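*Asks:* Residue strings, one per chain:
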Amino acid sequence: MQAHLKQTYNYAFLDEGSKKEIRRTTLKAVAIPGYQVPFASREMPIGRGWGTGGLQLTLSLIGDQDCLKVIDQGNDDSVNAVSIKKLVQSCTEAEVTTDSERATLIQTRHRIPEVPIRADQILIFQVPLPEPLRMVEAKERKTKQLHAEMDYSGIWLRLYEDIVKWGKISIGADYPALAHKRYIFAPSPIPRYDLPKLNRADGLFLFGAGREKKIYAIPPYTDVEPLAFDDYPFEVEHFDGCTCRLCGSNDTFLDEIFDETTGQKFYQCSDTGNCQKRQEKRHTP
Amino acid sequence: MIHDESRPLLSVRHLTKRFGKGCVACSHPEQLPEGNNHCPHCGTVWAVNDISFDLYEGEILGIVGESGSGKSSLVQCLYFDNTVTDGSATIATYQDGTANIFRESSQQKRYIRNHLMGMVYQNPWIGLRMQFSSGGNIAEKLIAAGTFNVHEIRARAKELLNHVEIPVTRMDEAPLHFSGGMQQRVQISKALANHPPILLLDEVTTGLDLSVQARVLDLIRRIQRESRTAMIVVSHDLGVIRMLCDRTMVMKEGRCIEAGLTDQILEDPHHAYTQLLVHSLL
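Protein chains in written order, with my numbering: chain X, 1 to 285; chain F, 1 to 282.
Mixed in with the good hints, there may be bad ones.
[Stated by the list, open to error] Simulated crosslink set (DSSO-like; lysine-lysine; CA at most 30 Å straight-line):
1) F:109 / X:139
2) F:109 / X:142
3) X:168 / X:139
Quick caveat, the hints were computed from the structure, so don't treat them as lab data.
Values in this document were obtained by computation on a predicted structure and should not be read as measured data.
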């Protein structure tokens, strides 16, 4: 009689060798802020481009004592965020939360939570395109050389051309920045609004690009300067006169929502976890 | 920049550039057959063979020779587009002329390229980013040298384009849409952006019609007069050399076969090849 075959996975899905390699890569990334360290990106049960880089970082770090929050464009309830949370829950005993202050690990796509990251928290970014110089140089061999020689005139020239053409720099999300006065890095497509949060922060920021097989990091208290000309300073998005329709806040990053039937425009917090907490506070004075 | 006039600005010694591995039969250049820079055993090409010269401030040095004589390889080596096989070069204003620039790190080479040298290629497609505006092309050099102020960059770009007689109204247009002569002038203004003490010009007038050629040559003379930039002019055209250069070096098969004052070389050529070259001048 043949025994029933039950497939079991290692703790946190990845085998120990893989986790070790990812941790080692992470250590190197932390040691050289902004430098893209190559790693052997594993096949994951989600498609490449759906956050496999971030997921591998999360799985290499997570333990039973951890509390995980996963957000997608600030949203805790999107399909992708929920699926990733489910996957992690099915192969660890770690807790999940929507409260960014309770979480020890936060995996995110395209946003940084409104509440600043503390020293005991790690924020993990899902990165689609880790190479900030790709828009000016197509070849990987060349961009590596440009980074090595700190030859960044190409990307600066792009910004200059933007100013000449449009009167301002037209990059909305994924605005390139200089890490610790050395490497230019892509902060993943976070809005410009979030970029200053990386500068001299208390927490650790890790960036994982699964498809492009790169890991990089912004360690705590690292200088992060967005690229800007002396006479065209860096600017963040403004929401003057707009408030969240759910929690009433006017100091957070707002999403514009358009109602097709009435033609009305609404604004509401992009960070749903934070919005939820504010709503609760409002109802319990 | 305070500089001793009697000291050469750029001093090149025993510069050698070899394409190919080399073998025992060609380990010494003297072993190569007469009148040929190919090694008959391994096929290695000795493009530049033991070239030494000095370049002084405000001087224009001409390098003349037929195609394949190694003159372009020589300036490409000096601008670090090619790595040298052997030899040294020092610049008086760089580390007081003690460092062999070929042995410097790639970061330092980049510094030398951006601050101490300008290069104008025969083909403007190599020297310019054709899709970017001509102002942007100049900006690239300025940014590389650490200018991060758009107004300053634009002011300097205007000044330079004015200098090379390109209407400022076309500053934000891509050189792609310019005529060949204009492209060449944009390239010259880009090369001059950071006031480099040394300018390398590789066949700048080749392929331009005569009236445009004359304007580019005029421009080069004016730059030399006004800013005392030292230049190396590479050309196969003795007419250009005669108009521009104080001293001339004649190259053939990677070797320097004759060097001296331009007038002297043109009036009284010693080497048989130079004689041929001068006599075939219309």
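*Asks:* Would you pick out the hints that fail for this structure and give their numbers low to high?
*Replies:* No numbers; nothing is violated.
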